[in-house]
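**Student:** Listed here are the chains, written in short residue letters.
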Amino acid sequence: MDTLSVEHLLGIKYLNENDINLIFKTADHFKEVINRPIKKVPSLRDITIANLFFENSTRTKLSFELAEKRLSADVINFSAGQSSVKKGETLIDTVNNILAMKVDIVVMRHGNVGAGVFLSNHVNAKIINAGDGTHEHPTQALLDSYSIREKLGSVKGKKIVIIGDILHSRVALSNIFALQLQGAQVKVCGPTTLIPKYITSLGVEVETNLKKALEWCDVANVLRVQNERMDIKYFPSTREYTQLFGINKEILDNLGKKIVIMHPGPINRGVEITSDVADSDQSIILNQVENGVAVRMAVIYLLAQQIKR
Amino acid sequence: MDTLSVEHLLGIKYLNENDINLIFKTADHFKEVINRPIKKVPSLRDITIANLFFENSTRTKLSFELAEKRLSADVINFSAGQSSVKKGETLIDTVNNILAMKVDIVVMRHGNVGAGVFLSNHVNAKIINAGDGTHEHPTQALLDSYSIREKLGSVKGKKIVIIGDILHSRVALSNIFALQLQGAQVKVCGPTTLIPKYITSLGVEVETNLKKALEWCDVANVLRVQNERMDIKYFPSTREYTQLFGINKEILDNLGKKIVIMHPGPINRGVEITSDVADSDQSIILNQVENGVAVRMAVIYLLAQQIKR
Amino acid sequence: MDTLSVEHLLGIKYLNENDINLIFKTADHFKEVINRPIKKVPSLRDITIANLFFENSTRTKLSFELAEKRLSADVINFSAGQSSVKKGETLIDTVNNILAMKVDIVVMRHGNVGAGVFLSNHVNAKIINAGDGTHEHPTQALLDSYSIREKLGSVKGKKIVIIGDILHSRVALSNIFALQLQGAQVKVCGPTTLIPKYITSLGVEVETNLKKALEWCDVANVLRVQNERMDIKYFPSTREYTQLFGINKEILDNLGKKIVIMHPGPINRGVEITSDVADSDQSIILNQVENGVAVRMAVIYLLAQQIKR
Numbered sequence: 217m218d219t220l221s222v223e224h225l226l227g228i229k230y231l232n233e234n235d236i237n238l239i240f241k242t243a244d245h246f247k248e249v250i251n252r253p254i255k256k257v258p259s260l261r262d263i264t265i266a267n268l269f270f271e272n273s274t275r276t277k278l279s280f281e282l283a284e285k286r287l288s289a290d291v292i293n294f295s296a297g298q299s300s301v302k303k304g305e306t307l308i309d310t311v312n313n314i315l316a317m318k319v320d321i322v323v324m325r326h327g328n329v330g331a332g333v334f335l336s337n338h339v340n341a342k343i344i345n346a347g348d349g350t351h352e353h354p355t356q357a358l359l360d361s362y363s364i365r366e367k368l369g370s371v372k373g374k375k376i377v378i379i380g381d382i383l384h385s386r387v388a389l390s391n392i393f394a395l396q397l398q399g400a401q402v403k404v405c406g407p408t409t410l411i412p413k414y415i416t417s418l419g420v421e422v423e424t425n426l427k428k429a430l431e432w433c434d435v436a437n438v439l440r441v442q443n444e445r446m447d448i449k450y451f452p453s454t455r456e457y458t459q460l461f462g463i464n465k466e467i468l469d470n471l472g473k474k475i476v477i478m479h480p481g482p483i484n485r486g487v488e489i490t491s492d493v494a495d496s497d498q499s500i501i502l503n504q505v506e507n508g509v510a511v512r513m514a515v516i517y518l519l520a521q522q523i524k525r
Numbered sequence: 217m218d219t220l221s222v223e224h225l226l227g228i229k230y231l232n233e234n235d236i237n238l239i240f241k242t243a244d245h246f247k248e249v250i251n252r253p254i255k256k257v258p259s260l261r262d263i264t265i266a267n268l269f270f271e272n273s274t275r276t277k278l279s280f281e282l283a284e285k286r287l288s289a290d291v292i293n294f295s296a297g298q299s300s301v302k303k304g305e306t307l308i309d310t311v312n313n314i315l316a317m318k319v320d321i322v323v324m325r326h327g328n329v330g331a332g333v334f335l336s337n338h339v340n341a342k343i344i345n346a347g348d349g350t351h352e353h354p355t356q357a358l359l360d361s362y363s364i365r366e367k368l369g370s371v372k373g374k375k376i377v378i379i380g381d382i383l384h385s386r387v388a389l390s391n392i393f394a395l396q397l398q399g400a401q402v403k404v405c406g407p408t409t410l411i412p413k414y415i416t417s418l419g420v421e422v423e424t425n426l427k428k429a430l431e432w433c434d435v436a437n438v439l440r441v442q443n444e445r446m447d448i449k450y451f452p453s454t455r456e457y458t459q460l461f462g463i464n465k466e467i468l469d470n471l472g473k474k475i476v477i478m479h480p481g482p483i484n485r486g487v488e489i490t491s492d493v494a495d496s497d498q499s500i501i502l503n504q505v506e507n508g509v510a511v512r513m514a515v516i517y518l519l520a521q522q523i524k525r
Numbered sequence: 217m218d219t220l221s222v223e224h225l226l227g228i229k230y231l232n233e234n235d236i237n238l239i240f241k242t243a244d245h246f247k248e249v250i251n252r253p254i255k256k257v258p259s260l261r262d263i264t265i266a267n268l269f270f271e272n273s274t275r276t277k278l279s280f281e282l283a284e285k286r287l288s289a290d291v292i293n294f295s296a297g298q299s300s301v302k303k304g305e306t307l308i309d310t311v312n313n314i315l316a317m318k319v320d321i322v323v324m325r326h327g328n329v330g331a332g333v334f335l336s337n338h339v340n341a342k343i344i345n346a347g348d349g350t351h352e353h354p355t356q357a358l359l360d361s362y363s364i365r366e367k368l369g370s371v372k373g374k375k376i377v378i379i380g381d382i383l384h385s386r387v388a389l390s391n392i393f394a395l396q397l398q399g400a401q402v403k404v405c406g407p408t409t410l411i412p413k414y415i416t417s418l419g420v421e422v423e424t425n426l427k428k429a430l431e432w433c434d435v436a437n438v439l440r441v442q443n444e445r446m447d448i449k450y451f452p453s454t455r456e457y458t459q460l461f462g463i464n465k466e467i468l469d470n471l472g473k474k475i476v477i478m479h480p481g482p483i484n485r486g487v488e489i490t491s492d493v494a495d496s497d498q499s500i501i502l503n504q505v506e507n508g509v510a511v512r513m514a515v516i517y518l519l520a521q522q523i524k525r
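For the protein sequence lines, the chains are X, G and H, in the order given. Using the working numbering, the first residue of the first sequence is number 217, and each one after it goes up by one. Using the working numbering, the first residue of the second sequence is number 217, and each one after it goes up by one. Using the working numbering, the first residue of the third sequence is number 217, and each one after it goes up by one.
Hints in this document: simulated from the structure, not taken from any laboratory. Computed from a predicted model, the values in this text were never measured in an experiment. Worth double-checking, as some hints may not be accurate.
Pairs involving identical chains hold if they fit within one copy or between any two copies, as the list cannot separate such chains.
Said to hold, decoys possible - Derived lysine-lysine pairs resembling DSS-like cross-links, with alpha carbons at most 30 Å apart:
1) Lys-375 <-> Lys-403
2) Lys-318 <-> Lys-367
3) Lys-524 <-> Lys-367
4) Lys-427 <-> Lys-375
5) Lys-524 <-> Lys-241
6) Lys-277 <-> Lys-255
7) Lys-465 <-> Lys-318
8) Lys-318 <-> Lys-474
9) Lys-474 <-> Lys-403
10) Lys-524 <-> Lys-256
11) Lys-524 <-> Lys-277
12) Lys-428 <-> Lys-255
13) Lys-473 <-> Lys-375
14) Lys-465 <-> Lys-367
15) Lys-247 <-> Lys-524
16) Lys-413 <-> Lys-375
17) Lys-427 <-> Lys-367
18) Lys-372 <-> Lys-403
19) Lys-318 <-> Lys-277
20) Lys-318 <-> Lys-256
21) Lys-428 <-> Lys-524
22) Lys-474 <-> Lys-247
Assemble the whole structure, with the sequences as input and the hints as a guide.
**Tutor:** So, in structure tokens, the structure goes:
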């Protein structure tokens with residue numbers, strides 16, 4: 217049987233193209249499963265998964281939980297608020313304690329860049345990175361590519377622009393890696409203060425003019441405006457951001473072609489995107505959410521196949 | 217097969233008498249189920265239910281969760297504290313995101329009047345209102361009526377007085393609708409500042425004298441004193457409330473008949489009701505809690521029958 | 217079939233030696249189960265267990281939850297933060313409400329000494345004490361003894377020193393009762409301000425010199441330094457504590473024999489114990505965690521056998 221080239225899912229940068237194809241092929245199967253009346257398979261009845269979320273998250277945590285339950289895995293939830301982290305325990309000790317209770321896979325969101333990689337070197341379990349600081353968010357990038365492939369037939373050769381706060385976005389970085397691996401062209405668009413200087417070294421062009429960026433692309437992946445970042449250091453106000461980088465129906469209708477609109481959520485309606493755009497037939501935002509469960513089932517399933525039983 | 221006249225359970229005011237009879241007949245069956253050694257039925261193995269609680273709740277949330285698990289549904293819990301609500305996402309977006317993960321039924325508690333109705337107009341899922349602001353709390357009213365029917369044989373023709381803070385109580389309003397629909401007579405009793413003026417327009421008499429109210433009734437449904445409301449605006453002090461509207465054993469024993477005592481909980485012992493009353497054989501308070509699981513199983517089961525599979 | 221002499225697990229002091237032997241024999245079986253590929257048994261499909269944690273806990277709560285799930289029980293979680301406790305409800309009312317929903321076993325952690333005993337006198341359910349104030353933590357003591365038995369063949373005749381803050385430790389007290397019941401010798405070692413005067417009346421010797429304590433013992437059970445207790449009242453500073461009572465590799469290597477190192481967690485690495493000690497082959501810290509699940513499965517299973525079905 218086909219298997220992933222990696223032992224953990226720590227970031228897209230550790231994957232090759234075959235891995236992505238295998239994940240997508242497996243996700244195709246699970247997408248069919250979750251659209252059946254009984255949306256479950258008994259595949260992982262012998263696997264225990266711990267969800268360790270050291271940062272808050274709604275959709276990612278819920279999506280992973282559902283993916284795990286639909287695979288019939290045993291699920292344990294652990295959030296930092298209830299934890300021994302406050303008592304001064306190290307991350308490795310916290311996780312080793314959980315693993316001593318016979319946990320096979322750890323899904324972890326953590327505020328520190330590289331937390332997943334660090335953990336994978338020190339504990340005996342499969343690690344899935346559900347977001348590490350401003351670094352990577354690999355399952356989000358996989359579900360984004362999967363949704364483009366579903367909508368446009370393939371990712372190869374497509375032109376994708378990522379719009380917004382690239383500097384602080386793990387979604388942007390993981391998407392760039394995933395899209396390039398599959399042969400897409402990627403540009404980023406946003407305020408220069410929110411675009412990191414190293415981005416061009418990744419082979420990504422910067423386009424600060426929204427209109428030009430949209431005219432160029434097949435797909436616009438619109439990032440959420442993080443209000444807490446809207447200050448003098450990065451950008452004067454949300455209102456000014458909307459004027460320069462907000463997408464509305466008029467802008468889209470004037471393009472003379474129908475581009476695909478994506479958003480990782482949660483949406484600030486009227487800020488980075490208007491309601492008529494978010495709810496239009498060009499938007500695949502809710503498909504992204506639906507595909508997230510199937511893609512996460514695939515990742516978990518494939519890593520679980522490597523566990524000796 | 218019999219079916220409800222409604223597509224959601226948004227409030228008692230949308231139900232007819234047949235609906236209530238159907239819910240009670242179904243609850244009779246489930247009450248028998250939850251008193252078996254194995255308290256589960258496999259009925260809803262193909263249904264996923266999300267519990268969305270934007271306000272805290274112990275007994276209602278627990279009761280719904282148990283009802284869902286005993287029907288073998290897949291259950292997802294979501295509370296506002298962990299959520300994207302804080303990031304400025306709209307209620308509809310939050311719920312649509314959850315639904316995109318293939319959720320069939322949403323049980324929602326929300327601080328705003330009409331939140332369930334609003335939601336039912338915008339999303340594609342069955343909505344069960346688990347309390348919306350000061351408006352309705354339909355499953356509480358159903359379990360209250362079910363408990364009266366169990367204790368007294370029927371609700372029809374019975375005299376029920378609801379005692380306490382009617383103004384801010386969703387329990388009171390839903391109870392009034394449910395009791396009248398089944399042919400009971402309803403009075404309310406409490407401080408005039410805590411009784412809304414519109415109440416008489418619902419065909420409900422106001423009785424400000426506790427003794428007279430109790431002499432009249434077959435059943436007294438005693439509401440919890442919400443300490444945070446005991447200020448000069450509504451009522452000077454808890455102590456004064458207890459003197460005028462608190463129920464103790466002496467008052468009950470002087471009635472010359474045995475009335476039934478109900479309370480939706482949590483009880484403030486010694487405030488609206490003394491311990492010897494709460495724990496007496498006239499009290500059906502814990503029966504209400506037990507029946508809550510059976511009635512919620514019935515509501516969920518009946519709505520799930522309308523979902524195409 | 218063998219049965220426990222008690223109806224609840226409220227503290228080690230209510231058990232006899234047969235009870236402990238029965239729990240350990242049962243835990244042996246479950247330890248084998250949780251090391252199988254499918255780590256579950258269907259034994260308690262007809263049992264509902266409520267975890268009531270009025271104090272935070274990571275490992276104990278997780279360990280109980282896993283134990284319950286691996287026995288196929290229905291599990292309900294209730295933590296004080298979400299609860300009616302804040303609304304002024306009494307503990308008995310809170311628990312009776314939960315029990316009215318057909319709960320068979322309550323696992324409770326509570327800040328008050330004797331909360332479990334109190335509860336067991338007033339409600340109709342099996343109670344398992346998961347820690348009551350500074351009093352007892354019986355399942356921790358059972359898993360500690362079980363781990364010693366596993367490592368050294370038996371507990372009888374062994375010399376165990378418990379090191380640290382004995383005064384505030386429910387782990388210490390439950391361990392003393394359990395070890396003595398099985399015929400071990402127990403000493404305590406720590407700052408005199410953190411050793412209660414009554415300890416000698418339990419037949420426990422006090423040794424304030426760490427080196428002498430370690431030379432005497434077969435097993436050192438090292439308690440966590442509770443930083444919040446390190447003040448002038450009990451001990452001047454963490455640093456001074458480490459100098460006098462901290463265990464490092466050098467101290468161990470100079471003993472001329474290999475003692476067993478235990479710790480209930482979470483560890484403050486570099487404070488009460490250095491990393492090379494915690495991670496050495498003398499340490500059975502993670503075995504304790506693993507055994508915790510098996511021992512808790514045994515306790516729950518044995519109490520459940522007493523429930524009429």
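**Student:** The structure should be examined with respect to each hint, and the outcome stated for every one.
**Tutor:** To see whether the hints hold, each was checked on the structure:
{"no.": "1", "hint": "Lys-375 <-> Lys-403", "verdict": "within (8 Å within a copy, 69 Å between copies)"}
{"no.": "2", "hint": "Lys-318 <-> Lys-367", "verdict": "between (40 Å within a copy, 19 Å between copies)"}
{"no.": "3", "hint": "Lys-524 <-> Lys-367", "verdict": "between (37 Å within a copy, 27 Å between copies)"}
{"no.": "4", "hint": "Lys-427 <-> Lys-375", "verdict": "within (15 Å within a copy, 70 Å between copies)"}
{"no.": "5", "hint": "Lys-524 <-> Lys-241", "verdict": "both (23 Å within a copy, 28 Å between copies)"}
{"no.": "6", "hint": "Lys-277 <-> Lys-255", "verdict": "both (19 Å within a copy, 24 Å between copies)"}
{"no.": "7", "hint": "Lys-465 <-> Lys-318", "verdict": "between (52 Å within a copy, 29 Å between copies)"}
{"no.": "8", "hint": "Lys-318 <-> Lys-474", "verdict": "between (50 Å within a copy, 28 Å between copies)"}
{"no.": "9", "hint": "Lys-474 <-> Lys-403", "verdict": "within (18 Å within a copy, 62 Å between copies)"}
{"no.": "10", "hint": "Lys-524 <-> Lys-256", "verdict": "both (23 Å within a copy, 18 Å between copies)"}
{"no.": "11", "hint": "Lys-524 <-> Lys-277", "verdict": "both (26 Å within a copy, 28 Å between copies)"}
{"no.": "12", "hint": "Lys-428 <-> Lys-255", "verdict": "neither (43 Å within a copy, 57 Å between copies)"}
{"no.": "13", "hint": "Lys-473 <-> Lys-375", "verdict": "within (13 Å within a copy, 69 Å between copies)"}
{"no.": "14", "hint": "Lys-465 <-> Lys-367", "verdict": "within (20 Å within a copy, 61 Å between copies)"}
{"no.": "15", "hint": "Lys-247 <-> Lys-524", "verdict": "both (26 Å within a copy, 19 Å between copies)"}
{"no.": "16", "hint": "Lys-413 <-> Lys-375", "verdict": "within (21 Å within a copy, 64 Å between copies)"}
{"no.": "17", "hint": "Lys-427 <-> Lys-367", "verdict": "within (23 Å within a copy, 70 Å between copies)"}
{"no.": "18", "hint": "Lys-372 <-> Lys-403", "verdict": "within (15 Å within a copy, 70 Å between copies)"}
{"no.": "19", "hint": "Lys-318 <-> Lys-277", "verdict": "both (21 Å within a copy, 15 Å between copies)"}
{"no.": "20", "hint": "Lys-318 <-> Lys-256", "verdict": "both (23 Å within a copy, 12 Å between copies)"}
{"no.": "21", "hint": "Lys-428 <-> Lys-524", "verdict": "neither (52 Å within a copy, 46 Å between copies)"}
{"no.": "22", "hint": "Lys-474 <-> Lys-247", "verdict": "within (26 Å within a copy, 56 Å between copies)"}
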